[in-house]
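Next come the chains, spelled out residue by residue.
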Amino acid sequence: MSSPPSASASSSPPPCPKKMITLRSSDGATFEIEETAALQSKTLENMIHENCASTLIPVPNITGEVLARVVEFCSKHAEAGVDDESLGAWDEEFVAVDHTTLFDYIRAANFLEIPTLLDLGCQTVADMIKGKTPDEIKKTFKITTACTPEEEEEVRGENQWAFE
Amino acid sequence: MKRHKPAVAPAPAPEGPALFDLLSEEIVFMILDFLDEDPLDRKAFSLVCRSFLALESRHRKSLRPLRAEHLPTALARYPGAAALDLSLCPRVTDASLAVVAAARGDALRSLDLSRSRFFTAAGLMGLASRCRGLLELDLSNATEMRDSAAAAVAEFKNLEKLRLARCKSVTDIGVGCIAVGCRKLRLLSLKWCLGVGDLGVGLVAVKCKEIRSLDLSYLPISNKCLPSIMKLQYLEELVLEGCFGIDDECPVILKDGCKSLKVLDMSSCQNITHVGSSSITNGAGCLQHLTLAYGSPVTFALAASLKRLSMLESLKLDGCMVTTSGLKAIGNCCLSLTGLSLSKCSGVTDDGLSFLVTKHKQLKRLDITCCRKITDVSIAHITSLCAGLTSLRMESCSHVPKEAFVLIGQRCHALEELDLTDNEVDDEGLKSIARCSKLSILKLGICLNITDEGLSHIGKSCSKLVELDLYRSAGITGLGIQEVARGCPSLETVNVSYCNDITDASLMSLSKCKRLKTLEIRGCPLITSLGLAAIAVHCRQLSKLDIKKCCNIDDAGMIPLAHFSQNLRQINLSYTSVTDVGLLSLASISCLQSMTILHLKGLTPSGLAAALLACGGLTKVKLQASFKVVLPQPLFEHLEARGCLFHWRNKVLQAELDPKCWKLLLEDVMH
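Line by line, the protein sequences are chains H and E.
Take the first sequence: its position 69, counting from 1, is numbered 69 in the numbering used here, and each next residue is one higher.
Quick note, the numbering used here runs 1000 ahead of the 1-based positions in the second sequence.
Hints are computed from structural coordinates only; laboratory data are not their basis.
Check each hint, because a few of them may be wrong.
What the hints assert, rightly or not - Below are the BS3-like pairs computed for lysine-lysine, each with C-alpha atoms no more than 27 Å apart in a straight line:
no.	chain 1	residue 1	chain 2	residue 2
1	E	Lys1464	H	Lys130
2	E	Lys1061	E	Lys1157
3	H	Lys138	E	Lys1184
4	E	Lys1184	E	Lys1207
With the hints as extra help, turn the sequences into a complete structure.
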């Protein structure tokens, strides 16, 4: 599984050996990702262009479990020849996880600047909020602190009458 | 620190805001950006807990208050709202403007006062002195506004977009002040500013060098102002609709032309022929969109003048008389054309149209509304040659036989918009059209040959449908609607007026379409309050509702609307069984602006008065003239001062005509 990164990507004989980047998570696990997939992340893209990517890249904020899945996401989205519909279905499955994991994905996407994953995560959370009453939202995200009844009454009134 | 493996009993998830606390404010703002469809979603979010309230308050960038009285609280709650849309506040006084100025100051970027009255030049002056960062201002419809107010507007030195449509009391002097004061203007609309002429427009052209978009529609300007307009270096969009003062005598100085011009609209310029329009488009080699609607005949000469517009993408010739040689000449030039409108053009023949389409296979948008000489020959050409067609409008092409519509579905699979109103299309045609799975707008009004069978094909395949019009297509019953509701969850606009077999069950199916915003079910006698309740409960984004002549809807239908339809802006209740009670209950819908309430048998004068007083946001009410005399005049004065306009009608109760009889009557009128 650990093939040495090729010294130069411009060797002539086909097939070109794929350039791999190695990432290390906060808990010490390493993961390999193709350069083309890594380009999905703006942070990694900058590093690649500045040629810092030949050695191990530490990703201190992200655990191994989450990083593995992020690598999976980037690889899937870098694949050629996948049509929009099946990619959409794959994405839907990808985010069908518990809230904690979903929020981990979002934070990882934010740190690594992966716009596709960030949008997907945020849209998923937004979809969980759409059409729900405040109590339902509280239940969904297990939020216990709330406003006092007076505050709530005031805000409710404002929401209904003050603006659209 | 490795994550622990899940125990046999699932560990409790982290409590409370701990979950959302993991996300930075920036990320929560991104999530809130996705909650832009229904205003109620962000409101629900804000009520969850104190930190969510604070987050939502910091996130909101634009605000649309419902009443001017609530401005202070709304502005205090949303310190970041820099775009203020007061179009729901009919009454905005100088005091309200002062509140805005004090609360926002230089941070205010955009202000919409186009539906508001009662402010004066003094208020605008106060605003200008404190809101120096204002970039966008809409003062359209301020018919009483005079040059003194325009001078106040000139004090907004950083203004980039200014709309003054229908400000008919402003003169050249006022516009001159604005031109001198607002040097950074990029967009200016003076449409219908009948007091402005060559002098004012000339000053704008000389002083506002940054102008990109200029709307001079219906101004009494003449050829004299054109040379200076054409010298504007960055001008991209010029609208000269209805400028009767511009004629073919345009000076040939225009040979320098306007190189940056991309959009030109010269509709309804009665005194310009191809000679004049040729001079104006001289040098405008970058022109992309040209509108010559309701103008002089489209002849060979006109088409020839279009030859040098090599980048022309769209051409609108609505309402012009067209010759076959003209059409053929257009066919031979403008090869970059992707959009063509021949709506209501007389003289469009199969010969001309087929030739044109043969040369323009890349056409994406084609409008042949009311081209009554077109037959299946043209349709065959269009469908076989223009495979990339995304929009086809062919309302009232009465000579196209029903067999021709099958061709549309066979070949034009990129279609997103299709208007077949008042045509012979039948179920076979619809079955074929259902293959256009990208359809989002489908208009099948007055199509008397279609039935539920045809519609069910649409329901099965066109899942992206957003707008469906079945006005007076009496062959459609509740079953057809149920099929569509099942298969088209994205529907936003539905019109089934006068399809008298629509039932409550159909409305219950339609309630699955959560995005429904506009529903017109006029003249459906089988519908009761039960069906309406289903829509009210499930379709929270409902904004426009027309239930005229649904005589079986009564007060019981108004209660759910009052409770659930908090986005309802416009309602037509004429000829229903709603009484005082039902009407009054609608007062709890805070954004209700427009009401049409003719011939409500159960409406009493005092009930009407109570309802009108309670509905604080009303700006437009249509009702019977008979109420004018039985209610006290001070009541109407008070309501008008609050910003409500009354439209009085003397309509007599009309019996419904059967659809075919109605259609024949219309044809008699047309020929």
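Numbers of unmet hints, in rising order
Checked against the structure, the only hint that fails is number 3, while the rest are satisfied.
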